[in-house]
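In order, the protein sequence lines correspond to chains Z and D.
Each residue of the first sequence is one higher than the one before, counting from 0 in numbering that gives the first Met the number 0.
Each residue of the second sequence is one higher than the one before, counting from 0 in numbering that gives the first Met the number 0.
Among these hints, one or two may not hold up.
Said to hold, decoys possible - Think about it this way: if two alpha-carbon atoms lie no more than 27 Å apart in a straight line, the pair counts; the simulated DSSO-like pairs of lysine-lysine are:
1. Z:LYS133 / Z:LYS31
2. D:LYS235 / Z:LYS115
3. D:LYS235 / D:LYS27
4. Z:LYS102 / D:LYS235
5. Z:LYS8 / Z:LYS32
6. Z:LYS69 / Z:LYS108
7. Z:LYS69 / D:LYS235
8. Z:LYS186 / Z:LYS32
9. D:LYS326 / Z:LYS133
10. Z:LYS17 / D:LYS150
11. Z:LYS106 / D:LYS326
12. Z:LYS115 / Z:LYS58
13. D:LYS192 / D:LYS164
14. Z:LYS69 / Z:LYS115
15. D:LYS235 / Z:LYS155
16. D:LYS235 / Z:LYS111
17. Z:LYS58 / D:LYS150
18. D:LYS235 / Z:LYS58
19. Z:LYS108 / D:LYS82
20. Z:LYS115 / Z:LYS186
21. Z:LYS24 / Z:LYS186
To be verified - Computed spacing ranges between beta-carbons, pair by pair:
22. Z:LYS256 / D:LEU152: 47 to 53 Å
23. D:VAL218 / Z:MET109: 33 to 39 Å
24. D:CYS39 / Z:HIS126: 56 to 62 Å
25. D:VAL137 / Z:HIS126: 41 to 47 Å
Because the hints were derived from the structure by calculation, they are not lab data.
Just so we're clear, the structure is a prediction, and the values are computed from it rather than from any experiment.
Cβ atoms here follow ideal geometry from the backbone N, Cα and C, with glycine treated the same way.
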Amino acid sequence: MSIILDISKVDMVFPTPKGDFTALKGVDLQIKKGEFISLIGHSGCGKSTVLNIVACIHKATMGGVILNNKEVTEPGPERAVVFQNHSLLPWLTAYQNIELAVKQVFKNKMSKTEMKEWIEHNLRLVHMDHARDKRPDEISGGMKQRIGIARALAMKPEILLMDEPFGALDALTRAHMQDSLMEIQQKLNNTVIMITHDVDEAVLLSDRIVMMTNGPAATIGEILDVNLPHPRNRLALAEDVEYNRLRSAVLTFLYEKQRKVEVIPKVEATESKQKTSDVA
Amino acid sequence: MTALMSKKIVGIAPMNRNKMIMSFIAEKTQALILPLVGICCFMLLWSFTASSIDTSLGKFPGPSAVATQVVNLIDEHNAERNKEDAFYIRQDQRNEMRQAKDPSYQAKVRAYTGKETFLDQIVTSVVTVLSGFLLAAVIAIPLGIAIGLSKNLNTAINPIIQIFKPVSPLAWLPLVTMVVSAVYVSPEPMFAKSFITSLITVTLCSIWPMVINTSFGVVSMNQDWVNVSQVLSLPKLVHIQKIVLPASIPAIFTGMRMSLGIAWMVLIAAEMLAQNPGLGKFVWDEFQNGSSQSLSRIMTAVFVIGLIGYLLDLAMLQLQRALSWDKSSAQR
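The task is simple: from the sequences and hints, build the whole structure.
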């Protein structure tokens, strides 16, 4: 199959007051159309930075990203992102959140009724048609993430970028979401890059698992091909020899070859503050 | 066995319901009685203190004096309205008579020029404060958004805002008065000069909290929403309309409520100093008048000013509840 996305020798250097910090060094990855790639690695290794560079939210210091033989320089809906904390706009309903995306992407290409049908089709795809007029604060975390996925899918992206999409969900909901994602993937066969911390999730969903070394100057350590047949079933796979071999390969990489030595936990500001305070 | 159990359940249910009703009543009475207790204590303290203060205009007004004045002021208002109606009836009759005698006579209609009553002054003040506040909002919100979006603009404008923000309305007033009388000259002015002066003074003082809060709301916007907008490649104007403005609505409302409070305080002071019609002028006139009723009339005005300020804030809060998506920031 043809290569749709080429992440070509990407370096990422962040200037800090204490001098330059090299986050990524020589990240090089070619992705085929319809492939499901998982990026796995310890936190702080620059997985999200890779994704942000593909989305062009960050600009690579060296190297670049080529999508369909064209270098990408700006964010765009053909590289739709599913953010970790859903990023739905709280003042819009589920339907309106997707509508905002659809209206922007298919401005002159769809009639009003076509848009409405397309939005509702995507809501049905993630089994959220019953929550069409609910606002984000009225639905659960899993439901929000479903809407977030529906919004990204509704843009008909060339490549779908998912930044730990299920990281904030509890284990049961996460399993449910993974099954849903597999079901959608069966239908649409999207090209996907997904960041994850979860070894089972990576093996269950991916065609290839890209394992990253620890930062600074993180890069791709190993790439593991997952040749398990689709559709996959988590219960059947639990006993599968190949599944367990892959699983332990990832675990070995993470906990032996790239053991995290850093002990001090990094405080990460996950959410910018939304408080309104009286400044004046 | 089942019969026994069902009996038990039936037996428990009404008791629970009673308990719930009781606690509901207790909650409601508490919400009603406690403020009443507070008001009663204040009234007692007030009438006791008032009776022990002697001024050159008699005793300091207590609750009963104020209550009398409320009735008085409303009566005066009604009397003035009757006078006005009578004036227009007389004028119409006179004109009709003259026209009957001489058909070519052009009837002259003159407006009634009676003195403004307390209720008129209230209306004038409320209209002025709302106009000044609206003008301030129309300037402040776009300016705040622009400052919030552009760091350079913020750096450029921030010192000016910080300097003008603490300026008292009394300092602005002479300048505004002079400028208005120099610039606003027209043979048939749509608005009175005094109205324009008060309005501009109110605007100048109430604009800053809105500018600052709006820009703060824009700056502290969730980065995820900005990313969403970037991925969608929303054009700048759509980005402002669909993302920035709704995202900063809670902060804008915080600023608007602060501004409206300031606007009301500023207006009373401005009216008092500039002798512009309104509640401030009423207070000043009564003070200059110096009759035995003056202090109780001023005290009445104080309560009315407070009450209107409270109602304005309440109205803003209701507006915020209706318009803002963030219900948690619209509690109190």
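So, going through the hints one by one against the coordinates:
no., hint, verdict
1, Z:LYS133 / Z:LYS31, "37 Å, violated"
2, D:LYS235 / Z:LYS115, "25 Å, holds"
3, D:LYS235 / D:LYS27, "50 Å, violated"
4, Z:LYS102 / D:LYS235, "15 Å, holds"
5, Z:LYS8 / Z:LYS32, "20 Å, holds"
6, Z:LYS69 / Z:LYS108, "23 Å, holds"
7, Z:LYS69 / D:LYS235, "25 Å, holds"
8, Z:LYS186 / Z:LYS32, "15 Å, holds"
9, D:LYS326 / Z:LYS133, "15 Å, holds"
10, Z:LYS17 / D:LYS150, "24 Å, holds"
11, Z:LYS106 / D:LYS326, "32 Å, violated"
12, Z:LYS115 / Z:LYS58, "35 Å, violated"
13, D:LYS192 / D:LYS164, "25 Å, holds"
14, Z:LYS69 / Z:LYS115, "32 Å, violated"
15, D:LYS235 / Z:LYS155, "23 Å, holds"
16, D:LYS235 / Z:LYS111, "23 Å, holds"
17, Z:LYS58 / D:LYS150, "21 Å, holds"
18, D:LYS235 / Z:LYS58, "20 Å, holds"
19, Z:LYS108 / D:LYS82, "70 Å, violated"
20, Z:LYS115 / Z:LYS186, "21 Å, holds"
21, Z:LYS24 / Z:LYS186, "36 Å, violated"
22, Z:LYS256 / D:LEU152: 47 to 53 Å, "51 Å, holds"
23, D:VAL218 / Z:MET109: 33 to 39 Å, "36 Å, holds"
24, D:CYS39 / Z:HIS126: 56 to 62 Å, "59 Å, holds"
25, D:VAL137 / Z:HIS126: 41 to 47 Å, "46 Å, holds"
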